[in-house]
Amino acid sequence: MESAEAIGLKDGGAHAAGIPITYRGVTKTYGSEEGSVTAVQDVSAEVGAAEFVSLVGPSGCGKTTLLMMTAGLKPVSRGEILVGDRRVQGPQTDCGIVFQDPTLLPWRNVLDNVMLQIEIRRLDKERFRPRALSLLESAGLAGFEGSHPHELSGGMRQRVSLVRALIHEPQLLLMDEPFGALDAITRDQMNIDIQKLWLERRQTVLFVTHSVSEAIFLSDRVLVISPRPARVDKEIVVDLRRPRTLADRESPRFGELVREIREVFLSRGVLKQ
Amino acid sequence: MNRSQTTLEPHEAPPRPPSRPRRRRRSLRVLIEIVVALTVLTAAAEVILRIMEVKTFLVPKPTTVAQSFADNWYVLWTNSLVTLKEVVLGFLVAASGGFLLAVVIVYIPVLSRILYPLIVASQTIPKIAIAPLLIVWFGFGLTPKIIVVFLIAFFPVVIASTVGLRAVDENMLHLVRSMGASGLQAFHKVRLVNAVPSIFSGLKIAITLAVVGAIVGEFVGADAGLGYLLLIANGQLDTPLMFAAVVVLSIMGIVLFGIVSAVEQITPGHLRDQTAAEEVSAGTL
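So the protein lines, in turn, are chains D and U.
Under the numbering used here, the residue at position 260 of the first sequence is numbered 260, and the numbers go up by one with no gaps.
Under the numbering used here, the residue at position 250 of the second sequence is numbered 1250, and the numbers go up by one with no gaps.
Where hints are given, some of them may not hold.
[To be verified] Keeping only pairs whose Cα atoms sit at most 27 Å apart, straight-line, the calculated BS3-like set for lysine-lysine is:
hint	chain 1	residue 1	chain 2	residue 2
1	D	272	D	234
2	U	1189	U	1204
3	D	74	U	1189
4	D	125	U	1189
5	D	74	D	234
6	U	1085	U	1204
For the record, the hints were derived by calculation from the structure and aren't laboratory data.
Required output: the full structure, derived from the provided sequences and hints.
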């Protein structure tokens, strides 16, 4: 049984920083009867501890596959992924995952959905309940603990999903287009909220999106992924100061960064003029 | 941890859940409507049969059936218990057997390729045709009836449970695996509860088929039960008793169906249906 300390939970004070990820020649091929398809080709990259890194690329380029391999939910065909100093060989448990869909259990209320994480890990429920409640409160869900997912709006469901991914204080947060299904206003709000939460906890975050501006707004570094098979085409360091505001998106530097990414897309034929 | 600093307000107002008392009042109204409709139909039948002077051995009047019911209540009661036992035991075997088959089909692809055609083939054989064989093998007792009930009722359970167990969101399974869930945990915390509405739709069909199965079993060879009673009454041209037996059978079917539905209501997964229905009505699915 994992103790709360082993997964990095502290009862107060600053939280330990995240965990680094290393990709070494990571390749993923899917075998089929007509031959094999390469989804990810020879990706080598580093994600620092406590770094917020986004993967940006066209739909179906293999970003999600890369994320799933990092979580240990899909096997790597060649190469290796290290989380910390451990090679990923099965499902990673010291991480929180948020998908595009909230993936909540409809028959459980909000609190029980969050506590699923604790139940399955066989951690002390009584100990984590106050933390679940305070996280829900900080996610603006105070008073909705007993509601069921069908009683919540799309944005609120995604907040529950986020709280569930954070409840056990993971060192690594994997997010697969978490705000892709939300309307633009909710999405902006979620971006601000995620930044706040991250500045407090500083987990390592791997964030998959196809929104260029979302990637720049949130990240320390953006990895631009090529069309299938996925390769890291370009690495862009976002040197905007934090906390960033929505107004920063109109700043000249932000514009330059957007242009840089767009040029990669243009040169790869992802965008055509 | 300075959590209190992050007070984030949702800017969307949550929709309100429908109130429960209203639902209960509606189901009471439905019940009253059914009772009224049945009373009117019965009264109408009585009047028409009297006016047209239809012979009792062809179609007995409701009052005649009621009289037969009163005269034969003990025979009806004892034979009902026999049939009820066959139906319930057969249904339990069909439900558990069907569910286990579904689990095997979902988890073991090799076996599913072998089993599925066999299961489908078993449904193309008319049960009435093999019932005499079962009598030869197992005698006149309970066993052949349970087997006939099983053969008729397990099919919808297999199909519905397989669909339900497969309908789980792949990402939900990924998620619990990332939490370190064992296969068993993933099964009972996610897959099974998710399948509950489907499984119950299969069980509801199965319970009504189970009544049919028991009667088929009794028709072929029995010394007790409502099916046996029907055959005896038929032989004696006692049409009112046949009608009485049919009424008892249908009441038995309705009550058993009601019990299965009631069990579904207290099973956690039934909320899934509600969510899906509301998502459809909200146009977000």
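Query raised in the report: For this structure, which hints from the list above don't hold up?
Result: Violated hints: none at all, because every hint is consistent with the structure.
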